[in-house]
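Same order as they appear, the protein sequences are chains X and B. Heads up: the first sequence begins at 0 in numbering that gives the first Met the number 0, then just goes up one per residue. Heads up: the second sequence begins at 0 in numbering that gives the first Met the number 0, then just goes up one per residue.
Just so you know, these hints were derived from the structure itself, not from any lab. Treat the hints with caution; some may be incorrect.
DSBU-like mimics (lysine-lysine), calculated; alpha carbons at most 35 Å apart, straight line [unchecked claim]:
{"no.": "1", "chain 1": "X", "residue 1": "Lys341", "chain 2": "B", "residue 2": "Lys212"}
{"no.": "2", "chain 1": "B", "residue 1": "Lys212", "chain 2": "X", "residue 2": "Lys27"}
{"no.": "3", "chain 1": "X", "residue 1": "Lys368", "chain 2": "B", "residue 2": "Lys173"}
{"no.": "4", "chain 1": "X", "residue 1": "Lys246", "chain 2": "B", "residue 2": "Lys173"}
{"no.": "5", "chain 1": "B", "residue 1": "Lys173", "chain 2": "X", "residue 2": "Lys361"}
{"no.": "6", "chain 1": "B", "residue 1": "Lys113", "chain 2": "X", "residue 2": "Lys398"}
{"no.": "7", "chain 1": "X", "residue 1": "Lys377", "chain 2": "B", "residue 2": "Lys164"}
{"no.": "8", "chain 1": "X", "residue 1": "Lys341", "chain 2": "B", "residue 2": "Lys164"}
{"no.": "9", "chain 1": "X", "residue 1": "Lys368", "chain 2": "B", "residue 2": "Lys212"}
{"no.": "10", "chain 1": "X", "residue 1": "Lys341", "chain 2": "B", "residue 2": "Lys56"}
{"no.": "11", "chain 1": "X", "residue 1": "Lys361", "chain 2": "B", "residue 2": "Lys61"}
{"no.": "12", "chain 1": "X", "residue 1": "Lys27", "chain 2": "B", "residue 2": "Lys98"}
{"no.": "13", "chain 1": "B", "residue 1": "Lys56", "chain 2": "X", "residue 2": "Lys27"}
{"no.": "14", "chain 1": "X", "residue 1": "Lys189", "chain 2": "B", "residue 2": "Lys94"}
{"no.": "15", "chain 1": "B", "residue 1": "Lys212", "chain 2": "X", "residue 2": "Lys362"}
{"no.": "16", "chain 1": "B", "residue 1": "Lys98", "chain 2": "X", "residue 2": "Lys362"}
{"no.": "17", "chain 1": "X", "residue 1": "Lys361", "chain 2": "X", "residue 2": "Lys341"}
{"no.": "18", "chain 1": "X", "residue 1": "Lys377", "chain 2": "X", "residue 2": "Lys398"}
{"no.": "19", "chain 1": "X", "residue 1": "Lys361", "chain 2": "B", "residue 2": "Lys98"}
{"no.": "20", "chain 1": "B", "residue 1": "Lys94", "chain 2": "B", "residue 2": "Lys173"}
{"no.": "21", "chain 1": "X", "residue 1": "Lys377", "chain 2": "X", "residue 2": "Lys361"}
{"no.": "22", "chain 1": "X", "residue 1": "Lys377", "chain 2": "B", "residue 2": "Lys61"}
{"no.": "23", "chain 1": "X", "residue 1": "Lys362", "chain 2": "B", "residue 2": "Lys61"}
{"no.": "24", "chain 1": "X", "residue 1": "Lys368", "chain 2": "B", "residue 2": "Lys113"}
{"no.": "25", "chain 1": "X", "residue 1": "Lys362", "chain 2": "B", "residue 2": "Lys113"}
{"no.": "26", "chain 1": "X", "residue 1": "Lys361", "chain 2": "B", "residue 2": "Lys94"}
{"no.": "27", "chain 1": "B", "residue 1": "Lys94", "chain 2": "X", "residue 2": "Lys27"}
{"no.": "28", "chain 1": "X", "residue 1": "Lys203", "chain 2": "B", "residue 2": "Lys212"}
{"no.": "29", "chain 1": "X", "residue 1": "Lys362", "chain 2": "B", "residue 2": "Lys164"}
{"no.": "30", "chain 1": "X", "residue 1": "Lys377", "chain 2": "X", "residue 2": "Lys362"}
Covered stretches of chain X (in silico footprint by chain B; criterion: 3 or more residues with CB under 8 Å from a CB of chain B, positions within the stretch not fixed) [what the hints assert, rightly or not]:
{"no.": "31", "region": "0-6"}
{"no.": "32", "region": "155-167"}
Ideal placement from N, C-alpha and C gives every residue a C-beta, glycine not left out.
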Amino acid sequence: MDTMEKLSTLVGAAKYDVSCASSGVTRKNPGGTGNTRSFGICHSWSADGRCISLLKILLSNNCIFDCRYCANRCSNDIPRASFLPRELAELTMQFYRRNYIEGLFLSSAVEKTPDYTMEKMLQALRLLRHEYQFNGYIHVKVIPGSDPQLIYQTGLLADRMSVNIEQASEESLRLLAPQKSFPMLFSPMKQLQDQCQIYQEERKTFRNVPRFIPGGQSTQMIIGAGLDNDLTILQSTQNLYRSFGLKRVYFSAYVPVNQDSNLPAVASAPPLLREHRLYQSDWLLRFYHFGAEELLDENHTNLDMDLDPKTSWALRHPEFFPLEINRASYEELLRVPGIGPKSAARILSQRRMAAVSSDEIKKLGVVFKRAQFFITCKGIYASNRAFDPQSIRRILTPKMQPEQMTLF
Amino acid sequence: MDYLYDESFDGLLTCIYHHYYQVAATGIYPCASYQAQLMVASSEVKTDLILASRVYKAIENKISASALLLVYQAFLSALPGKENLILNYLLLGFKLGSKVNLLLTHPAVYPLHKIAAQVSREQHRFLGLLRFADTGGFLYAACAPDHHILPLIADHFADRLAGEKWIIHDRRRKLAAIYNGQIPAAANASGQSPWALVDFPYTDELALPQEEKLWQELWQHYFREISIGSRHNPRLQAQFLPHRYRPHLSEFQTLPQRE
C-alpha cells in the first residue's frame, strides 16, 4: 500500500472520533517549529460541516478487539494498514509547516497487545517532539489496558489525552464491547487526573517541573448505539466532569457501519438531532451552572426534541419568569432562553452606565425571538397577555413543513 | 474643516491631534478619493510621527489599551467612512475615559465595536485558512481577505515558522508580509517586528515543484476521507467557510489525475 492509500484507509477509520479540539494550551515556539494558541484554530471544514483542526489518524487499524459498533473490529473483513512512527511524524510535519493543521490527533486500533500499540504511539511522539522539534498540538488516545508507565511517558509529551468511555452505563458497554469494562477505562482516567494534580502541587514549589498534559483530558460517548436514555447519559456526563475533572465530554451520533442484533439497522440515519440536544445540555452543565437533575428527572427521561433544553426547562418553571433584565443578577440572566454568558455580561456592562431599553436588547446579542417571552424591559412585557407556557411552547416549536402529496 | 490624510495609521492620529490643537474636524477622509465640498473647507494633513505617537499614548492612557486595539482594528478594516467612526469614538472616549466601552449601544460606540469585531473574526479565520506551499526555497501563501489583516497575522507565523523563510501575499491589496528565517537580534531588543510589509505587485501564479503537488494531493485525500457521508451538510459547511475564501484553499481545487 502506498502512502496515499494508507492515508485514506487510516483516516477513514479514524473519522468517527469527534474529540478534535486544538484549544486549551498556549506555547510559544522555544526554537524548532510550531506553537499553540489557547483559543484553538480551525483550518478547514469538511463536507459534513465539522471543523478540521488536527491530523486525525490511526497509527494502525489492525485490531484484536471486537467491539460491535466499530468498523475496525477484528471480525470485519476490511483492508488493514499501519504507519511506521517515522512515516507518521514526517506526514505531520509536512502538513503542519504548510499550515494545513494545528497538530496531531493520534489514535490506534489495538495491534497485537495494548502495550505494543502504546509503545509505537510513544515512539511517534518522541520522534516529533525530540527529533523534529515539533511544538504544535498533540492529542493522544489512551489504549485501554496499557501500562501506567507508558501512559505517564506519553503524557509528558502530549498536550491532551483521552480515554473513550463509549457508553453511559456498564450494561451497555458490556453488551457492545465485551473486551472493555468500566474499571479498565476508569483506571487510566484516574491516573491522568492524579498526575495533573501532582503537577499543579509541585509547580507551586519547583519552577521546572515537566509539564503533563497541559490541555487536560476528555472523553467520548457514542449516542444511539446502546439503550441508554438521555437521563442516564446526562447523569453519567455530570459524574465524569465531577469525578475526573475532564475538560470535555464529546457525543458522537452512531453511524451504522455493522450489522448486529444489538445495534440499529444499517440503513437507519444517525441520531443527529439527539446528539445536538445533548451538546446543548452539556453546554448548560458547563457554562450556565445547570445541574443534570434540573434538566431531566424520572418523569422526563429524554430531552425534548422540539425545543432546546433551556427553553424546555424555562417552560416547566413559570415561577421564575418574566424576568426584569434591569434588575436581574448574572445567574438569573443565564436562565433566560436566548441569553448566554456573553450577552448577560454585556447587559451587566451596559447597566453600569444606563438602563437597557427594549430597542437596545438585540444590539447586545440577545436572541430576541426566544427571549422576548421571558423578560420584561423597564417593566414592559413583549406580549399583552400574561406569561403562558402552553401558548409560548406553541409559538416556539418549529412548524412541520407541509409535505407534497403524491397521486399514486 | 475636513481633514485629508495619506491612509496611514500615523496620518489618522495626526488628524486627531490637529482636531484638538487646531481647527475642529468635521470629518476625516483619505486624500485620494476625496471630492471637494462647496460649503466645507478641507486641508491636507502631513503625517507627523511625533504628534501621532503623542495621540497614541494619550488613547492608551486616557481611554484604555482595549480602546486602542479597537481603533487599530477599525482602521485596518475596508469600511468606507471608518475614519469618521474612529473620530466620533475618540471624541466620546476622551470625554468619558475607559467607561466608553461600557456604553455598548451608543451610536458612536456600537458601529466601531461591530467593525472591530469583524476584523478580529477575519484575522482569527485566516490564522487557519492560510495555506503555504513549499516552492523549494521558501514557503509562499496567497490570500484575498476582506480587510487588511496582514499586520495582525504575521506575528503568529513569525513565531510558528520561525526557522523558515516565508511570504504571505495579499492579492487584493498587492502587499506581502515577508520573513527571512531569522529573527534579527536588533528586532528583539527594540520591539520591532521580525517581518516586513512590502509592496508586491506580481500577479502570476507561482510554479510549484512536483513534490509540492504531491503534498497538496495528500491533503485533498485527507479532506475527502475525514468527512462522514451520512452527515453531509453543505449549508453548515458554507456557514463556517464562505465561498469567497475557497479559491485559495487547495482542498477545494480539482483533484489532479493520477498516472
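Hint by hint, here is what the structure shows:
Of the supplied pair hints, the one linking Lys341 of chain X and Lys212 of chain B is violated, its CA atoms being roughly 44 Å apart against a limit of 35 Å. Among the hinted pairs, Lys212 of chain B with Lys27 of chain X is consistent with the structure: their alpha-carbon atoms are about 30 Å apart, no more than 35 Å. Proximity of Lys368 of chain X to Lys173 of chain B is assessed by CA-CA distance (about 44 Å); at most 35 Å being required, the pair is judged violated. For the hint linking Lys246 of chain X to Lys173 of chain B, the alpha-carbon distance of about 43 Å lies beyond 35 Å, and the restraint is violated.
With a C-alpha separation of about 38 Å, the suggested pair Lys173 of chain B and Lys361 of chain X falls outside the 35 Å cut-off, and the hint is violated. For the hint pairing Lys113 of chain B with Lys398 of chain X, the CA-to-CA distance comes to about 33 Å; that is within 35 Å, so the pair holds. In summary, the hint linking Lys377 of chain X to Lys164 of chain B is not supported, as the alpha carbons are separated by about 59 Å, beyond the 35 Å threshold. Between Lys341 of chain X and Lys164 of chain B the CA atoms are separated by roughly 40 Å; this puts the pair beyond 35 Å, and the hint is violated.
For the given pair, Lys368 of chain X sits about 49 Å from Lys212 of chain B by alpha-carbon distance, which is inconsistent with the 35 Å threshold. In summary, the hint linking Lys341 of chain X to Lys56 of chain B is supported, as the alpha carbons are separated by about 30 Å, within the 35 Å threshold. Distance check on the hinted pair: Lys361 of chain X and Lys61 of chain B sit about 30 Å apart at the alpha-carbon level, within 35 Å; holds. Taken as a hint, the Lys27 of chain X and Lys98 of chain B pair is honoured in the structure, with Cα atoms around 33 Å apart against an allowance of 35 Å.
With a C-alpha separation of about 28 Å, the suggested pair Lys56 of chain B and Lys27 of chain X falls inside the 35 Å cut-off, and the hint holds. A hinted pair counts as satisfied when its Cα atoms are at most 35 Å apart, and Lys189 of chain X with Lys94 of chain B does not qualify at roughly 56 Å. Proposed proximity of Lys212 of chain B and Lys362 of chain X is contradicted: the alpha carbons are some 47 Å apart, above 35 Å. Between Lys98 of chain B and Lys362 of chain X the alpha-carbon distance is near 18 Å, which keeps this suggested pair within the 35 Å criterion.
Pair hint Lys361 of chain X plus Lys341 of chain X holds up; C-alpha atoms about 13 Å apart against a cutoff of 35 Å. For the hint linking Lys377 of chain X to Lys398 of chain X, the alpha-carbon distance of about 32 Å falls within 35 Å, and the restraint holds. Our distance criterion of 35 Å between C-alpha atoms is met by Lys361 of chain X and Lys98 of chain B, whose separation comes to about 21 Å. Distance hint between Lys94 of chain B and Lys173 of chain B is unfulfilled; the C-alpha atoms sit about 39 Å from each other, more than 35 Å.
In summary, the hint linking Lys377 of chain X to Lys361 of chain X is supported, as the alpha carbons are separated by about 15 Å, within the 35 Å threshold. Proximity of Lys377 of chain X to Lys61 of chain B is assessed by CA-CA distance (about 33 Å); at most 35 Å being required, the pair is judged to hold. Of the supplied pair hints, the one linking Lys362 of chain X and Lys61 of chain B holds, its CA atoms being roughly 27 Å apart against a limit of 35 Å. Distance check on the hinted pair: Lys368 of chain X and Lys113 of chain B sit about 21 Å apart at the alpha-carbon level, within 35 Å; holds.
Distance restraint check for Lys362 of chain X and Lys113 of chain B: the Cα-Cα separation of roughly 10 Å lies within the 35 Å cut-off, and the hinted pair is therefore satisfied. Between Lys361 of chain X and Lys94 of chain B the CA atoms are separated by roughly 27 Å; this keeps the pair inside 35 Å, and the hint holds. Between the alpha carbons of Lys94 of chain B and Lys27 of chain X the distance comes to roughly 39 Å, so the proposed pair goes past 35 Å and is violated. Pair hint Lys203 of chain X plus Lys212 of chain B does not hold up; C-alpha atoms about 50 Å apart against a cutoff of 35 Å.
Taking the CA atoms of Lys362 of chain X and Lys164 of chain B, the gap is about 44 Å. The hint is violated against a cut of 35 Å. Among the hinted pairs, Lys377 of chain X with Lys362 of chain X is consistent with the structure: their alpha-carbon atoms are about 17 Å apart, no more than 35 Å. Under the rule that three or more residues need a Cβ within less than 8 Å of chain B, the assignment of the region 0-6 of chain X holds, with 3 such residues. By the rule of at least three residues with a Cβ nearer than 8 Å to a Cβ of chain B, the coverage given for the region 155-167 of chain X is violated, with 0 such residues.
Violated hints, listed in ascending order, are 1, 3, 4, 5, 7, 8, 9, 14, 15, 20, 27, 28, 29 and 32; each of the other numbered hints is respected by the structure.
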